[in-house]
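Trainee: Sequence:
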Amino acid sequence: EGFYEKLIKGHLMNDEKLFREFFRLNLKQFNFVLSLMKNDISSDPYNGVQQPITPEEKLALTLR
1 EGFYEKLIKG HLMNDEKLFR EFFRLNLKQF NFVLSLMKND ISSDPYNGVQ
51 QPITPEEKLA LTLR
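Just so you know, we're using UniProt numbering here: the sequence shown kicks off at 1 and counts up by one.
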């Protein structure tokens, strides 16, 4: 588990106020922005061992 799993999914997804303070977007806005660019920032597994960073994680790291 990393930053996204522990902090975002574990705490911020359940608290709208903290989510907004952290990202300066509410969850609905975050999901809207994600829907606009998800296909552009998605990547396929490239070595069969590691899973690539998800579009949700990429957007979260970019906004932060």
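Hints are computed from structural coordinates only; laboratory data are not their basis. Computed from a predicted model, the values in this text were never measured in an experiment. Treat each hint with caution, since some may be false.
As the list claims (entries may be wrong) - Below, a list of computed lysine-lysine pairs in the DSSO-like style, where the Cα atoms sit at most 30 angstroms apart:
#1 Lys17 <-> Lys28
#2 Lys58 <-> Lys17
#3 Lys58 <-> Lys9
#4 Lys58 <-> Lys6
#5 Lys6 <-> Lys17
#6 Lys58 <-> Lys38
#7 Lys9 <-> Lys38
#8 Lys28 <-> Lys58
#9 Lys28 <-> Lys6
#10 Lys28 <-> Lys38
#11 Lys17 <-> Lys38
#12 Lys9 <-> Lys28
#13 Lys38 <-> Lys6
Trainee: Given the hinted pair lysine 9 and lysine 28, is their alpha-carbon gap at most 30 angstroms?
Mentor: holds (15 angstroms)
Trainee: For the pair supplied as a hint, lysine 58 and lysine 6, confirm whether the alpha-carbon distance does not exceed 30 angstroms.
Mentor: holds (15 angstroms)
Trainee: Regarding the pair lysine 38 and lysine 6, is the alpha-carbon distance no greater than 30 angstroms?
Mentor: At roughly 22 angstroms apart (the allowed maximum being 30 angstroms), lysine 6 and lysine 38 satisfy the hint.
Trainee: Do the alpha carbons of lysine 58 and lysine 17 lie within 30 angstroms of each other, as the hint requires?
Mentor: holds (21 angstroms)
Trainee: Checking one constraint from the list: CA of lysine 58 to CA of lysine 9, max 30 angstroms. Satisfied?
Mentor: holds (14 angstroms)
Trainee: Take a quick look at whether lysine 17 and lysine 28 sit within 30 angstroms of each other, Cα to Cα.
Mentor: holds (12 angstroms)
Trainee: Run the distance test for lysine 6 versus lysine 17: straight-line Cα separation, threshold 30 angstroms.
Mentor: OK: lysine 6 and lysine 17 at ~17 angstroms, within 30 angstroms.
Trainee: Take a quick look at whether lysine 17 and lysine 38 sit within 30 angstroms of each other, Cα to Cα.
Mentor: Distance of about 24 angstroms is within 30 angstroms: holds.
Trainee: Would the pair lysine 9 and lysine 38 pass a check requiring their Cα atoms to be no farther apart than 30 angstroms?
Mentor: holds (18 angstroms)
Trainee: Would you check the hint for lysine 28 and lysine 38, treating anything up to 30 angstroms between C-alpha atoms as holding?
Mentor: holds (15 angstroms)
Trainee: Run the distance test for lysine 28 versus lysine 6: straight-line Cα separation, threshold 30 angstroms.
Mentor: Roughly 20 angstroms separates the two Cα atoms, so the pair holds.
Trainee: Lysine 28 and lysine 58: Cα distance at most 30 angstroms?
Mentor: holds (17 angstroms)
Checked against the numbered hints above, the structure violates none of them.
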